[in-house]
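Chemist: Sequence:
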Amino acid sequence: MTEVQQLAKFVHTRSFKDLSEAAVTALKLRLLDSLGCAIGAPEGKPIKMIAQQIKDFGGNPLTTLIGGQKTAPDRAAFYNSALIRYLDYNDSYLAKKETCHPSDNIGSVLTASEYADKNGKDFLTALAIAYQIQCRLSDEAPVRDKGFDHTVQGAYGSAAGVAYALGLDENQVANAIAIAATAYNALRVTRTGNLSNWKGLAFPSTGWTSTHSAFLAKYGITGPEEVFEGNKGFKDSIAGNFKIDWEKEDLERVTHTIIKRYNAEIHSQATLEGIQELHKQHHFSTNDIEKIVLNTFDVAFNIIGGGEEGGKKNIRIKEEADHSLPYLISAMLLDGNVLPAQYLPERIVKKDIQELLQKVEVNEKKSYSERFPKEMPCDITVVMKDGEQFHIEKKDYEGFVTRPASWETVSGKFKALSAPFTDEKTQGKIIDLVKSIEKHQIKELTEILKNVRTK
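Under this note's numbering, think of the first position of the sequence shown as 634, with each following residue one higher.
None of these hints come from the bench; they were simulated from the model. Be aware that a few hints might be false.
Calculated cross-link-like contacts (lysine-lysine; reagent style DSS-like; alpha-carbon spacing at most 30 Å) [as the list claims (entries may be wrong)]:
1. Lys642 - Lys868
2. Lys1007 - Lys661
3. Lys1072 - Lys661
4. Lys983 - Lys661
5. Lys1068 - Lys984
6. Lys1028 - Lys678
7. Lys779 - Lys703
8. Lys779 - Lys1068
9. Lys881 - Lys868
10. Lys678 - Lys1076
11. Lys984 - Lys1018
12. Lys868 - Lys730
13. Lys865 - Lys946
14. Lys946 - Lys983
15. Lys678 - Lys642
16. Lys913 - Lys754
17. Lys851 - Lys729
18. Lys992 - Lys924
19. Lys924 - Lys865
20. Lys681 - Lys661
21. Lys924 - Lys703
22. Lys681 - Lys1062
23. Lys983 - Lys913
24. Lys851 - Lys913
Required output: the full structure, derived from the provided sequences and hints.
Modeler: Structure below.
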């Protein structure tokens, strides 16, 4: 039995009974969190472009667009995933050498579940499968240092979750995973240097193509059966040797994912909580700041602090701003929070924030790097022009695995994000349905989501 066949067996034999109560609760929280992100994103410029493309191209109206009409499943998967991802406010998973956003899979799994008329139990199981596979591959087969994007592992998880939701047999599941995993190995350049719209669309594209792969397998198309271990396969070409015994895997990895408190790249969360607390405690004026010194762990420094993935002080667009610690720290100090409003074009280019971010110094601290990812350690020192200094140290934030976000916190975030685009009654319906999703058909949820822009 090949490794992809072993993985397919794991996928095909899962059921809702395999989920612990903690995993079910975690999945519901991440679904609600992601729907808030999606409902709050339709005014994004790239989102409007995608919506126009779908309108121009059309598509058999089989599945629902959030806040829209119906179209073909692969296009719905892409659009809904783009909505969830655009704000960069959805969940994350921290492996030692890889970071991913497993809720990126929700758009595809939701679409497939609607198409196949699945119930909430099947949907949650399919989603747990996608989470488990993507997270475990991130643990054991990181690709960032090889120059590939975290969407690479996502192709395996997304294709598996969609295949389960579609009710494919074991052989079809293997083919769906093999097709997606062979065809969609994305480059890390998506997140280095000067960033583009593609930063927020790379995984939606993976969700789209993985959904397409699962439908190809449904219709009988086969994929390379030695995608993992074969000559020029995933191990040989990209990941190197690794071993995951899928017979011993559970569906609990979702409980190790983390929810964002602030609308910013995940590795900035403890820093932002820290600078917010420091400013509230001392009430210093931003006009009197000489410099701000942040010491953080290697991943944060390299991705958003000006390390190996490029400088972070030439900030022009949202995609650059939400991946820049200097910008994020400055936004928190000037505006008191980091939310979608901090990424409006007119906010990004304003003189006060552009000048303040130039005063931020970011350094890697080896001892902090050794503590990551079990902690998110950092320390911040604000040096004033008169020599006075304010200092704070952090190891986590509200939403991290050590301080999980509550249902009340996530519901509040959902309401805040969705408020401009729907009314309180609709918000309540979505919250109540998600909370008891295992008792409903997925079409009940997508019918409400179709009409969210009714305010």
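Chemist: Compare the structure with each hint and give your call.
Modeler: Verification of the hints:
For the given pair, Lys642 sits about 20 Å from Lys868 by alpha-carbon distance, which is consistent with the 30 Å threshold. Using a Cα cut-off of 30 Å, the hinted pair Lys1007 and Lys661 holds, with the two alpha carbons roughly 24 Å apart. With a C-alpha separation of about 13 Å, the suggested pair Lys1072 and Lys661 falls inside the 30 Å cut-off, and the hint holds. Among the hinted pairs, Lys983 with Lys661 is inconsistent with the structure: their alpha-carbon atoms are about 39 Å apart, more than 30 Å.
Proposed proximity of Lys1068 and Lys984 is contradicted: the alpha carbons are some 44 Å apart, above 30 Å. A C-alpha spacing of about 35 Å is found between Lys1028 and Lys678, which places the hinted pair above 30 Å, so the restraint is violated. Simply put, Lys779 and Lys703 have alpha-carbon atoms about 39 Å apart, too far for the 30 Å limit, and the pair is violated. Of the pairs offered as hints, the one joining Lys779 and Lys1068 is violated, with about 40 Å between alpha carbons and a cut-off of 30 Å exceeded.
Among the hinted pairs, Lys881 with Lys868 is consistent with the structure: their alpha-carbon atoms are about 21 Å apart, no more than 30 Å. Of the supplied pair hints, the one linking Lys678 and Lys1076 holds, its CA atoms being roughly 28 Å apart against a limit of 30 Å. Our distance criterion of 30 Å between C-alpha atoms is met by Lys984 and Lys1018, whose separation comes to about 19 Å. Taken as a hint, the Lys868 and Lys730 pair is honoured in the structure, with Cα atoms around 16 Å apart against an allowance of 30 Å.
Only pairs whose Cα atoms come within 30 Å are accepted, and Lys865 paired with Lys946 is rejected, the gap being roughly 39 Å. A hinted pair counts as satisfied when its Cα atoms are at most 30 Å apart, and Lys946 with Lys983 qualifies at roughly 14 Å. Restraint check: the Cα-Cα separation between Lys678 and Lys642 comes to about 41 Å, which exceeds 30 Å; the hinted pair is violated. Simply put, Lys913 and Lys754 have alpha-carbon atoms about 44 Å apart, too far for the 30 Å limit, and the pair is violated.
Distance hint between Lys851 and Lys729 is unfulfilled; the C-alpha atoms sit about 35 Å from each other, more than 30 Å. Distance restraint check for Lys992 and Lys924: the Cα-Cα separation of roughly 5 Å lies within the 30 Å cut-off, and the hinted pair is therefore satisfied. Of the pairs offered as hints, the one joining Lys924 and Lys865 is violated, with about 50 Å between alpha carbons and a cut-off of 30 Å exceeded. Between the alpha carbons of Lys681 and Lys661 the distance comes to roughly 28 Å, so the proposed pair stays at or under 30 Å and holds.
Simply put, Lys924 and Lys703 have alpha-carbon atoms about 52 Å apart, too far for the 30 Å limit, and the pair is violated. A distance of roughly 26 Å separates the Cα atoms of Lys681 and Lys1062; the hinted pair therefore holds under the 30 Å criterion. A threshold of 30 Å between alpha carbons decides the hint, and for Lys983 with Lys913 the separation of about 23 Å falls inside it, so the pair holds. Between the alpha carbons of Lys851 and Lys913 the distance comes to roughly 56 Å, so the proposed pair goes past 30 Å and is violated.
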